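The opening residue of the sequence shown carries number 83 in this note's numbering; numbering runs sequentially from there.
Note that these hints are calculated values from the structure, not bench results. Just so you know, these numbers come straight off a predicted model, no measurement behind them. From the three backbone atoms N, C-alpha and C, an ideal C-beta is built for every residue, glycine too. Possibly wrong hints are sitting among the right ones.
[What the hints assert, rightly or not] What follows is a list of derived Cβ distance ranges for each label pair:
hint, residue 1, residue 2, range
1, Gly265, Phe454, 44 to 50 Å
2, Leu464, Tyr377, 29 to 35 Å
3, Ser349, Lys378, 40 to 46 Å
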Amino acid sequence: MKLLNTLLPAAALVALPVMGMAQEAAAPTMDEVGPYIFTTLLFLMAGFLVFFMAAGFAMLEAGLVRSKNVAMQLTKNIALFSIAAIMYWLVGFNTMYPGDFNGFFAIGGQTVLDPVGVAAADAALDYASVGSDFFFQLVFVAATASIVSGAVAERIKLWPFLAFVVVLTGLMYPISGSWQWGGGWLSEMGFSDFAGSTVVHSVGGWAALAGVIVLGPRIGKYKDGRVNPIPGSNLALATLGTFILWLGWFGFNGGSQLAMGTVGDVSDVSRIFANTNMAAAAGSVTALILTQILYKKVDLTMVLNGALAGLVSITAEPLAPTLFGALWIGAVGGVIVVFAIPFLDKLKIDDVVGAIPVHLFAGIWGTIAVIFYGEASLMTQLTGIVAYGVFTFVASLILWFILKATVGIRVSEEEEINGLDMAELGMEAYPEFSKG
Numbered sequence: 083m084k085l086l087n088t089l090l091p092a093a094a095l096v097a098l099p100v101m102g103m104a105q106e107a108a109a110p111t112m113d114e115v116g117p118y119i120f121t122t123l124l125f126l127m128a129g130f131l132v133f134f135m136a137a138g139f140a141m142l143e144a145g146l147v148r149s150k151n152v153a154m155q156l157t158k159n160i161a162l163f164s165i166a167a168i169m170y171w172l173v174g175f176n177t178m179y180p181g182d183f184n185g186f187f188a189i190g191g192q193t194v195l196d197p198v199g200v201a202a203a204d205a206a207l208d209y210a211s212v213g214s215d216f217f218f219q220l221v222f223v224a225a226t227a228s229i230v231s232g233a234v235a236e237r238i239k240l241w242p243f244l245a246f247v248v249v250l251t252g253l254m255y256p257i258s259g260s261w262q263w264g265g266g267w268l269s270e271m272g273f274s275d276f277a278g279s280t281v282v283h284s285v286g287g288w289a290a291l292a293g294v295i296v297l298g299p300r301i302g303k304y305k306d307g308r309v310n311p312i313p314g315s316n317l318a319l320a321t322l323g324t325f326i327l328w329l330g331w332f333g334f335n336g337g338s339q340l341a342m343g344t345v346g347d348v349s350d351v352s353r354i355f356a357n358t359n360m361a362a363a364a365g366s367v368t369a370l371i372l373t374q375i376l377y378k379k380v381d382l383t384m385v386l387n388g389a390l391a392g393l394v395s396i397t398a399e400p401l402a403p404t405l406f407g408a409l410w411i412g413a414v415g416g417v418i419v420v421f422a423i424p425f426l427d428k429l430k431i432d433d434v435v436g437a438i439p440v441h442l443f444a445g446i447w448g449t450i451a452v453i454f455y456g457e458a459s460l461m462t463q464l465t466g467i468v469a470y471g472v473f474t475f476v477a478s479l480i481l482w483f484i485l486k487a488t489v490g491i492r493v494s495e496e497e498e499i500n501g502l503d504m505a506e507l508g509m510e511a512y513p514e515f516s517k518g
């Protein structure tokens with residue numbers, strides 16, 4: 083027996099008959115445990131890529147706000163991710179994935195992980211570990227909150243914003259997410275959103291739109307019928323943030339395959355990576371060309387947002403299109419950004435980083451574009467878009483108004499002029515550049 087122990091793996095020994103003893107039950111085969119192992123690995127790898135998008139949002143926002151507000155944006159981004167993690171554990175995950183419940187919503191309880199050292203016989207071998215699934219879904223909700231952070235920058239108070247994040251990540255996002263990814267009524271209807279052009283990005287965009295409407299524009303942004311550009315502090319940081327988001331999107335879309343246990347699954351993940359990259363490139367190049375034509379000079383911030391809009395556009399269906407299909411879908415996203423940002427300015431809707439055109443408008447486009455390569459109908463897709471829009475915008479608007487009426491959401495005029503870093507935090511990101 084000692085010799086056998088040196089020659090055979092433990093899993094094989096379980097199946098060996100022992101003289102004088104009843105033969106033990108055979109251990110699960112590699113065909114049975116392989117999909118579980120590899121899908122769990124996919125969730126973990128994709129999850130930490132999407133987690134890195136938190137750094138991308140932080141750098142993008144830090145670069146596009148003025149230097150006097152950079153520390154505030156960084157604080158909001160690390161705080162919102164941390165709050166999202168706690169709220170999604172406390173109530174969000176089991177609200178979004180309520181099992182067999184197919185109603186409007188059912189508030190869930192705390193997430194419970196698999197036991198330490200769980201045996202193969204006790205694991206859900208038809209899917210993945212609870213911990214990997216929970217972590218992968220968690221980083222999505224944090225991305226939704228980050229979208230709001232950039233749009234409402236440079237004039238919002240810290241604690242009311244974080245109070246909004248608590249409700250958004252713990253209830254609003256999970257409730258609406260359950261309609262599609264939790265097997266709810268939109269999923270039953272045939273609505274299709276592979277990785278979240280609507281479920282994630284437009285939800286963040288609708289919440290941001292409600293926020294900027296209630297907040298109002300920054301001081302000096304719109305004056306005497308003119309739009310006054312307010313340049314960001316560091317376009318190098320904004321560019322770094324965009325590249326980090328681009329990288330994280332491979333996990334965002336690739337992980338949404340939700341399986342890596344077969345040759346077909348792995349091949350599909352690679353196809354998703356290629357299409358995701360193509361859409362981003364097309365959105366960027368489209369914005370590059372359009373700004374040269376329209377303004378006679380290339381606008382770097384538009385090019386950055388063009389790449390992000392391309393990524394959002396392909397997120398609803400990154401698997402089915404050809405590379406050319408991904409190219410033109412992403413290119414339309416780039417067009418949307420170039421025209422939507424000045425359109426919002428005409429309406430005096432002050433979105434500091436362009437989050438609403440990128441995540442809401444391009445998210446709507448991407449959800450509609452599914453009909454060209456997927457099996458969903460236009461009416462079903464529009465139903466989903468309207469459902470998410472009405473629920474998220476109305477709920478967000480009510481919550482913003484409640485916060486405004488109770489604790490106030492906007493800093494004073496003096497504090498806004500001096501900068502939120504000192505007003506809200508008492509510290510600056512670039513203290514060597516401060517006056518005095």
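Hint-by-hint comparison with the structure:
1. Gly265 <-> Phe454: 44 to 50 Å: Hint violated: Cβ distance 26 Å, outside 44 to 50 Å.
2. Leu464 <-> Tyr377: 29 to 35 Å: Since Leu464 and Tyr377 have Cβ atoms about 33 Å apart, the given range 29 to 35 Å holds.
3. Ser349 <-> Lys378: 40 to 46 Å: Distance hint for Ser349, Lys378 holds at roughly 45 Å.
Of the numbered hints listed earlier, the single one contradicted by the structure is hint 1.
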